[in-house]
Structure formats: C-alpha cells, structure tokens
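> Sequence:
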Amino acid sequence: MPKAAARISTSIPVSSASQSSDNSDTAQLVTVALFSGIGLLISLVAVICGIQGVWF
Numbered sequence: 511m512p513k514a515a516a517r518i519s520t521s522i523p524v525s526s527a528s529q530s531s532d533n534s535d536t537a538q539l540v541t542v543a544l545f546s547g548i549g550l551l552i553s554l555v556a557v558i559c560g561i562q563g564v565w566f
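Letter 8 of the sequence shown, counting from 1, is numbered 518 in the working numbering, and no numbers are missing.
If you are wondering where the hints come from, they were derived from the structure by calculation, not from laboratory data.
Honestly, I wouldn't trust all of these hints.
[Said to hold, decoys possible] Have a look at the derived ranges for each label pair, beta carbon to beta carbon:
no.: 1; residue 1: Asn-533; residue 2: Gly-563; range: 20 to 30 Å
no.: 2; residue 1: Gly-563; residue 2: Gln-538; range: 27 to 37 Å
no.: 3; residue 1: Gln-562; residue 2: Asn-533; range: 40 to 50 Å
no.: 4; residue 1: Ala-537; residue 2: Gln-562; range: 15 to 25 Å
no.: 5; residue 1: Gly-563; residue 2: Ala-543; range: 18 to 28 Å
no.: 6; residue 1: Val-542; residue 2: Gly-563; range: 35 to 45 Å
no.: 7; residue 1: Gly-560; residue 2: Asn-533; range: 37 to 47 Å
Nothing here was measured: the structure is a model prediction, and the numbers come from that model.
Glycine included, every Cβ here is placed at the ideal spot set by N, Cα and C.
All chains, full assembly: derive it from the sequences and hints.
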C-alpha cells in the first residue's frame with residue numbers, strides 16, 4: 511500500500527499545480543480590477559456631466 515501512495519504522489523508535478531493556481535488568481539484579479547476600473551470611469555463621467563444619481 512505505501513508503494514502505491516508513493517507512486518501517485520511522485521507522478522503529480524507540484525510546480526504545474528501551483529502555476530495553474532497562480533494563473534487562476536491572476537485572472538481573477540484582472541477581472542475584478544477591470545470591472546472596478548469601468549465602474550469608476552462611469553462614475554467619474556457621471557459626476558463631470560452633472561448627472562444626478564441615487565447617491566445625491
């Protein structure tokens with residue numbers, strides 16, 4: 511039984527699993543930053559144009 515567990519653990523490369531996790535985290539960060547930037551830009555344009563929103 512320990513031999514089978516040793517074969518399974520050595521067959522999975524640790525660096526690729528960590529690298530795919532880093533790529534996923536970066537993709538999520540880019541998505542959140544993009545939507546936040548778009549929201550801030552829309553808010554800035556609304557304030558400059560004098561459009562009254564719900565917050566006024």
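> For each hint, tell me whether it holds in the structure or not.
Hint check:
| no. | hint | in the structure |
| --- | --- | --- |
| 1 | Asn-533 with Gly-563: 20 to 30 Å | violated (37 Å) |
| 2 | Gly-563 with Gln-538: 27 to 37 Å | holds (28 Å) |
| 3 | Gln-562 with Asn-533: 40 to 50 Å | holds (42 Å) |
| 4 | Ala-537 with Gln-562: 15 to 25 Å | violated (36 Å) |
| 5 | Gly-563 with Ala-543: 18 to 28 Å | holds (23 Å) |
| 6 | Val-542 with Gly-563: 35 to 45 Å | violated (22 Å) |
| 7 | Gly-560 with Asn-533: 37 to 47 Å | holds (43 Å) |
Hint check: violations occur at hints 1, 4, 6; the rest are consistent with the structure.
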